[in-house]
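Chains as they are written, first to last, in UniProt numbering: chain A, 1 to 321; chain B, 1 to 428.
For the record, the hints were derived by calculation from the structure and aren't laboratory data.
Don't take each hint at face value.
To be verified - A few chain B residues that face chain A, going by a derived Cβ cut-off under 8 Å, partial list only:
1. Ala-196
2. Ala-320
3. Val-340
Claimed, not checked - Taking CB as the label site, the calculated pair distances span:
4. Gly-184/B x Glu-211/A: 48 to 58 Å
5. Asp-381/B x Ala-119/A: 29 to 39 Å
6. Glu-391/B x Leu-160/A: 46 to 56 Å
7. Gly-184/B x Asp-270/A: 47 to 57 Å
8. Glu-252/A x Asp-159/B: 27 to 37 Å
9. Glu-391/B x Glu-252/A: 53 to 63 Å
10. Met-109/A x Pro-423/B: 28 to 38 Å
All of these numbers come straight from a predicted model, not from anything done at the bench.
Built from N, CA and C at the ideal position, the CB exists for glycine as well.
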Amino acid sequence: MNAPASPAAADALPRHFLGLEDVSAATINRILEEATRFRHLVEQPDKKTDTLKGRTVINLFFESSTRTRTSFELAGKRLSADVININASASATQKGETWMDTVRTLEAMTPDALVIRHAESGAPHLAAGALTSHCSVINAGDGAHEHPTQALLDILTIQLHKGPIQGLRVAIVGDTAHSRVARSQIHALHTMGADEVRLIGPKTLIPAAAEEALGVRVFHDADAGLEGVDVIIMLRMQMERIRGAAVPSQREYFRLYGLDRRRVGRAADDVLVMHPGPMNRGVEIASEVADGPYSVILPQVTNGLAIRMAVLKLLAGGESA
Amino acid sequence: MRTLIRGGRVIDPASGRDEVADVAIANGRIQAIGDAPGDFGADRVIDADGLVVCPGLVDMHVHLREPGQEWKEDIESGSRAAAAGGVTSVACMANTRPVNDRRSVTEQIKSTAQRVGLSRVHPIGAITRDLAGETLTEMHELAGAGCVAFSDDGRPVPDAGIMRRALEYAATFDYLLILHEEEGALSAGGAMNEGAHATRMGLPGIPNASEDVMIARDVILAELTGGRIHIAHVATSGGVELIRQAQARGLPVTGEAAPHHLFLTDTDVGAFDSHAKMAPPLRSPEDRAAVRAAVADGTLTAIATDHAPHEADAKSEAFACCANGVTGLETLLGLTLRLVDEEVLDLPSALARVTNGPAEVLGLEAGRLGVGEVADVCLFDPETEWTVEPERMYSRSVNTPFAGWRLRGRVTHTLVGGRLAYPFGDAE
C-alpha cells in the first residue's frame with residue numbers, strides 16, 4: 001500500500017460525496033469542524049467569503065425541491081462561487097435528451113461541482129462514474145437511498161445541543177422505507193458511535209430486513225420505541241403513501257405514531273426533537289411539539305447551510321482526492 | 001458433406017452414452033457412433049482427441065430482438081452468438097416488435113433464420129395478442145407456421161380468467177405455455193430482490209411472493225384445465241417447492257433455471273450495477289441454493305439463458321429505470337460446466353440440462369446424439385480456461401454480469417445438421 005503523498009492528501013475527502021455508508025468518522029468530523037466555522041460566519045452581518053471565488057457550482061435538480069436547492073444555492077453564493085441552478089424538469093430532458101447526456105453536457109462547461117438531486121436511487125453514482133474531469137458530484141438526495149448533507153446537518157445539530165453522538169439513543173419515526181434521509185442518518189449515527197438507532201412505524205413503512213440491513217432496532221409501538229431516547233427524528237409522512245394504502249388514514253396514523261406532548265414525555269428529559277421538513281402538523285407532529293422547547297427544527301435549517309458550505313469548500317475548493 | 005469426428009469423448013445424456021468413439025455424419029444425420037462404416041469416405045475429419053463431443057446445446061429461452069429491435073440483436077448476430085456458444089437450437093420469445101402474435105412474424109423469423117443457417121431457430125408465439133393479456137392469439141395458426149410453444153414472456157398474463165382460457169385452448173391441441181411468473185401488483189415499482197441489500201441501496205424491492213403467488217395460481221389452473229405449463233427462469237425457493245409439489249401430484253409442470261440465478265445473488269447488484277438487473281431479480285443465497293438443488297434433482301430439467309441483449313444506453317439509466325436482462329448464449333456452456341466443478345451436477349447430468357432436457361420440454365427433434373438423429377453437435381475442450389470478455393463476443397449486445405469470469409470448457413466446433421456453424425467461414 002502506498003503512503004499518502006502528504007498529510008493533506010491523507011486528510012482529503014473522496015472526490016465525490018455520494019453517501020455516508022462508507023464515510024469514516026474522521027471525514028465526517030472534518031466536515032463538521034468546517035461547518036462549525038461557517039456556522040459562526042452565517043451569523044455575521046457580512047456572510048460571504050472568497051473561498052470558492054472563480055469556482056463554478058451547478059445545482060442539477062431532476063426532482064423538485066425548495067429547501068435543499070435553496071440551501072445549496074445560498075451555500076455556494078456565500079462562498080463566492082458562481083452558482084447555476086438547473087431545474088431539469090424544464091430543461092433538455094424534456095426535449096428527449098437523456099439525463100446522462102445532460103450531465104455530460106454540463107461537465108463540458110467545466111464546473112467544479114455538480115450537485116445532483118434525482119428521484120432514482122443511484123443516479124448520482126452513475127453520473128460520478130461517467131465524469132472524466134476533476135468535477136465532483138455531490139448527492140443532494142437520490143431516490144430512497146441517501147441524502148448525506150441532510151444527515152450531517154442533523155449530526156451537527158445534535159452535537160451542538162448534546163455534545164458527542166457517542167452513547168446516544170436515537171429514534172427515527174415514520175416512513176423510513178422511502179426515506180433517503182433516514183438511511184444517511186443511520187449510517188452517520190452508527191459511524192459516530194450512537195448507542196442505538198431505533199426505527200418506529202407500522203410494518204408498511206419500515207424497510208424490509210431493516211435490522212439486518214441497517215443495524216437498527218425496529219419498534220411498531222411508538223410509546224415503547226420512544227422510551228428513554230435522547231433524540232427523536234420525525235420524518236415527513238408523505239400523503240401519497242396514505243393514499244397508497246401504507247396507512248389507512250391521517251387520523252389513525254397520528255393516533256398511533258404522531259408526536260404529541262404526551263409521547264415526548266416517554267423520552268429522556270432533555271430530548272431533542274428534529275424534523276427535516278416540510279412538516280405536516282397534526283399528521284406526524286403536533287404543533288405543541290414542533291414549536292415547543294425540545295424542538296430544534298429551525299436551527300437544523302441554519303446548520304444545513306453551514307454543512308453545505310463545508311462540503312462545497314472541501315470538494316469544489318480542490319481539497320478532495 | 002461427410003464428416004468424421006475422430007476420437008472424442010462422446011457424451012449423450014439421453015441414452016447414457018459416455019465413451020471415446022468416432023462419430024460419422026452423412027446427409028445431415030448421424031450415421032454411426034463407434035467405428036465408422038468401412039466404406040465411409042469422410043470429406044472432413046475433425047480430430048476430437050481430448051475433446052467432449054455432445055449434442056448441440058438447446059437454449060429454450062432467448063430474445064433475438066428481430067423484428068423490431070435489431071440494434072440490440074438480430075437473428076444473424078444471435079445465431080452467431082449461439083453457434084459460438086455451442087448452441088444449435090434456440091427458442092426465441094414472442095416480445096418482438098411487432099409481437100410474434102401473427103403468422104407473418106413467425107414466418108419472417110423462420111425464413112431469416114434459415115437464410116442465416118447458423119442455428120435452428122424455433123419461434124415461440126404470444127399467448128395473447130400484443131402481449132396485452134386480453135385476447136388469445138390464433139395458436140393453431142401460429143403452431144402451423146412453426147411456433148413450438150406460447151409465451152407472453154416478460155408480461156405475465158394478469159387476468160386469471162384469461163389464463164384459464166389460454167390453458168384450456170392450448171390443452172385442446174397439447175400446446176405448451178411458457179410462463180413468466182410475476183404478480184404485477186406485488187412487483188410494482190420494484191427494481192431488485194426485496195431484502196437487506198435493497199434496503200441498503202434504497203431501491204424498491206420485489207418480494208419472492210410476487211413469483212410464488214403466480215406459480216401457485218398457474219399450477220392450480222393447469223390442474224383445472226389439463227394444460228401443460230413450463231415455468232421460465234425459476235428464481236425462488238418457494239417457486240421450486242411449488243413445482244416440485246405439482247410434479248409429485250403428476251401435473252404436467254416443468255421448469256427452467258437461468259445461469260445468473262444459479263451463480264449470482266442480490267448482493268451482486270453491488271453499487272447499482274445495471275448488469276445485475278433482471279426479471280425475475282437475483283435473489284438470496286437460500287434461493288440460489290434451492291434453484292441449484294432443483295436443477296440437480298431434476299425438478300428443473302432445463303438451464304436456459306433468457307438471453308436478453310440490450311445496447312449500452314439501455315443499461316446506462318439509473319438502476320431502477322434501466323432495462324432488465326443479460327446476454328447468455330456465449331456463456332451457457334462455460335457456466336453449466338462450472339456447476340460440475342462446484343459439484344452440483346456430474347458432467348452428463350449437466351449436459352442433459354442444456355440438451356435433451358429442454359428439447360424434450362419443447363418436443364424438438366434435438367438434444368440427442370444417436371444413430372439416425374440430426375447431426376447437431378457441439379465439441380468442446382473441457383480443460384481450456386477462458387475469460388469472459390464482452391469485447392470478443394458475437395452477440396450485438398454484451399450486457400453480461402459475468403465479464404471477467406474465468407470459465408472452463410471452450411467450444412471448438414458447432415455442427416448444425418452436419419454443417420460447420422462454428423468456427424465461422426465454412427465455405428459450404
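To see whether the hints hold, each was checked on the structure:
{"no.": "1", "hint": "Ala-196", "in the structure": "4 Å, holds"}
{"no.": "2", "hint": "Ala-320", "in the structure": "5 Å, holds"}
{"no.": "3", "hint": "Val-340", "in the structure": "33 Å, violated"}
{"no.": "4", "hint": "Gly-184/B x Glu-211/A: 48 to 58 Å", "in the structure": "29 Å, violated"}
{"no.": "5", "hint": "Asp-381/B x Ala-119/A: 29 to 39 Å", "in the structure": "50 Å, violated"}
{"no.": "6", "hint": "Glu-391/B x Leu-160/A: 46 to 56 Å", "in the structure": "54 Å, holds"}
{"no.": "7", "hint": "Gly-184/B x Asp-270/A: 47 to 57 Å", "in the structure": "50 Å, holds"}
{"no.": "8", "hint": "Glu-252/A x Asp-159/B: 27 to 37 Å", "in the structure": "33 Å, holds"}
{"no.": "9", "hint": "Glu-391/B x Glu-252/A: 53 to 63 Å", "in the structure": "57 Å, holds"}
{"no.": "10", "hint": "Met-109/A x Pro-423/B: 28 to 38 Å", "in the structure": "49 Å, violated"}
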